[in-house]
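Chains as they are written, first to last, in my numbering: chain Z, 1 to 232; chain F, 1 to 232; chain B, 1 to 221; chain H, 1 to 221.
No wet-lab data here; the hints were simulated from the structure. Here a beta-carbon is modelled for each residue, glycine too, at the ideal position from N, C-alpha and C. Misleading hints may appear alongside valid ones.
[Said to hold, decoys possible] With a straight-line Cα cutoff of 30 Å, these simulated DSS-like cross-link-like pairs (lysine-lysine) come out:
1) Lys150/B <-> Lys183/Z
2) Lys138/F <-> Lys138/Z
3) Lys73/H <-> Lys220/Z
4) Lys130/F <-> Lys138/Z
[What the hints assert, rightly or not] Okay, the calculated beta carbon distance ranges per label pair:
5) Ile88/F <-> Ser5/B: 28 to 38 Å
6) Thr81/Z <-> Gln190/F: 45 to 55 Å
7) Met42/B <-> Asp6/Z: 13 to 23 Å
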Amino acid sequence: MGIQYDPAAMIAGIPDGARIMMGGFGMCGIPENSIALLLESGQKNLTIVSNNAGVDTFGIGLLINNGQVRKMISTYIGENTVLEKLLIEGRIEVDLVPQGTFAERIRAAGAGLGGFFTPTGVGTVVADGKETRELNGKTYVFEEPLHADYAFVKASVGDRKGNLFYRKTTQNFNAVMAMAAKKTIAEVEQLVDAGGIEPESVHTPGLFVDVVYQGANFEKRIEKRTYRTADR
Amino acid sequence: MGIQYDPAAMIAGIPDGARIMMGGFGMCGIPENSIALLLESGQKNLTIVSNNAGVDTFGIGLLINNGQVRKMISTYIGENTVLEKLLIEGRIEVDLVPQGTFAERIRAAGAGLGGFFTPTGVGTVVADGKETRELNGKTYVFEEPLHADYAFVKASVGDRKGNLFYRKTTQNFNAVMAMAAKKTIAEVEQLVDAGGIEPESVHTPGLFVDVVYQGANFEKRIEKRTYRTADR
Amino acid sequence: MKSGSKKERIAQRIARELRDGFYVNLGIGIPTMVADYIPDGMDITLHSENGMLGIGPYPTEGAMNPDLINAGKETISETPGSSYFGSDLSFAMVRGGHIDLSILGGMQVSETGDLANWMVPGAVVKGMGGAMDLVAGSRRVVVAMMHTSKDGSPKILPECTLPLTGVGVVTMIVTDLAVIEVTKAGLLLTEVAPDTTVDEVREKTGASLRIGDVREMRFAS
Amino acid sequence: MKSGSKKERIAQRIARELRDGFYVNLGIGIPTMVADYIPDGMDITLHSENGMLGIGPYPTEGAMNPDLINAGKETISETPGSSYFGSDLSFAMVRGGHIDLSILGGMQVSETGDLANWMVPGAVVKGMGGAMDLVAGSRRVVVAMMHTSKDGSPKILPECTLPLTGVGVVTMIVTDLAVIEVTKAGLLLTEVAPDTTVDEVREKTGASLRIGDVREMRFAS
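Use the sequences and the hints to build the structure in full.
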């Protein structure tokens, strides 16, 4: 079955308890439209794999508010006070992973590796219960691949073969997550014909993508508006 | 010390016995100019890490003919009869590595990993003497990172910050090797000012590059000329 | 029976394993010929492990570009929607199970689906290239080969005698004489060529064959 | 003595650790302020672990772009020669030793260079983000922090009491009072601020300090 262009059926068909990766860093490059569809579908007990947990009023925060999320696998959840409250009350589970290890574990899943040794987290709680090994005089900790059932990613441009191109810092975890899930659903700001992206500039080749669709009404919130006066 | 633009001193300063990675697949995307400089410098007992060993009359083949190479670490050396002869005579050593493992070991070196488990080669001579491990029901073999002292890479376009862009299938091992060596020397067909490559289309960010220079007289040989008649 | 050489017939039969939307890697030799028999209108994307998706036909003579080759080092062309990438990502695709089908040549296949195809006995070892990764990682591995060696000795054996490329990796064997599936219960003969018989196939096969509902081999055109 | 807050003074001192051609990662807080004190004409490339090299100054209000943020989620700008990439490559850079200098805030540093800076005692755990990778992988790690806690208790200790971010990872500590290098022989005091003394620094430091050739702290402007 080739690339599909309508996400509705696949997202509606996600079962309760599924593990879903969601690209983005903070509010930058997040799959707003697929999150909205998942909110409508209302699945429960989801595990969300995402660098952050959104903010109280947007992004993954909406799914948390809606009681759909049982567990987050993230690197930093500091921007979401609702999540914080649920965590204190024991109503949500959070696994925290160092950001580089998080990215690398996702890549390992997409790349068919059984795991890897990283220097990150050696001697910290992150290494508790894990194998450590000295290799060429340096200590490393063993980390396993991190798979998912679905990946929701967001790209600036997509073509009808599923190739994706990300502008500026919107690539972040989107490209690597597209590799690591059984099914990858990509929303794009602009959907073009095959060949509309320069072949050397494709960040995510279409073979990693199952559904590509044009998103509507991207809100693209800015989390921290920092600017200078023009004359500085 | 920032990016440099003249390769001569660094290549002349390579010691005998150094390990040098060279990008390219067959004759496609090979660092012709840096190889020519290394031929002139004449260092001996080099270990060359490259997917192939060139052909008898070009590429790494020239270094082999010149008696500069003690050892090749490669995935396929079938196109070089001089190398074959030296190998039979025991005058050169060849380590053969599966191509995906080769790429991944180089990436692991560049990415600071201590090694990884791959399914490739399990049950074959490639796994002899290596740790194997069952992970989630599948058997993997442990592979170590593959480092080098120098990497010679070739790109289509480079800018003065060392950013590199590769056209068509010339990227192959160039980008990953640029990550994995202590010093990376990049020759380019076209050297442009900083900003001359679209920031999203940079394949090798300049932080991996020590020297970038405009190559002269690229020969760009075709190994197998396959074509169809225009009306087919 | 279709015209054309036995090797072309193997390629034609393998083409019938293609499905719409497949990402396919073709090895050197017979596998490359499969590209000529992709059914019209079927969306097949060809992967080249040197870093490309979307291989097109050979270029015209004037359009040959040294910057654009396949893993066999042949000049090729691109198609709309092609993409280029490095070898690390290319083999991430392979090992990660993103290639639906790999078609490779074979020297020996065992009854448990082991494949030997990289060390030619008596010759200098040239290297495995990407073959070990392709068989370890692809979702389906189809081996394209002549049923026997030139001297008539069987290439399908209880166990491979040559050094292995992969263990238990082959999904299906397509030869000039037969189609054989590798199942958990052993080798299953499912098709024989129009110009042969089940008995002849059995005789030329070194491993034991289960005989299924055997049909005549059909070929894509 | 320079004007400005104590935190600015820390940033100004750390700026003197920059060298031409360095690739530098700046953490949130005091480290971010170092960008304002890069010496004129020095080629420094700022890395942002969310996938960028070549951070420029904050944009003008009209130029803020939701697609362009730093790891602190602030809107930023790009410079000529910037590049963008994914998080996997970004942390390959970090772990692979390609970042010359990382500057981070600290809650505690031990006399063997252990760093604790991700779990605030008594607060909900928010996560380590990229800090553990940055300290494990960067060639040099400079910790920017106030010399003591608000209650005056020392933050430089024989051993950290808070959960660690990394073991033996800190190269140098720069505080409002002193510059301290982490050496194999322990902590070495090399500079004290103009408005303090070696004795005061020693008193406010929980770990034992070797006293080197102590100079007065100087600041980039």
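Next item on the list: Give me the numbers of the hints this structure contradicts, sorted from smallest to largest.
Entry: 1
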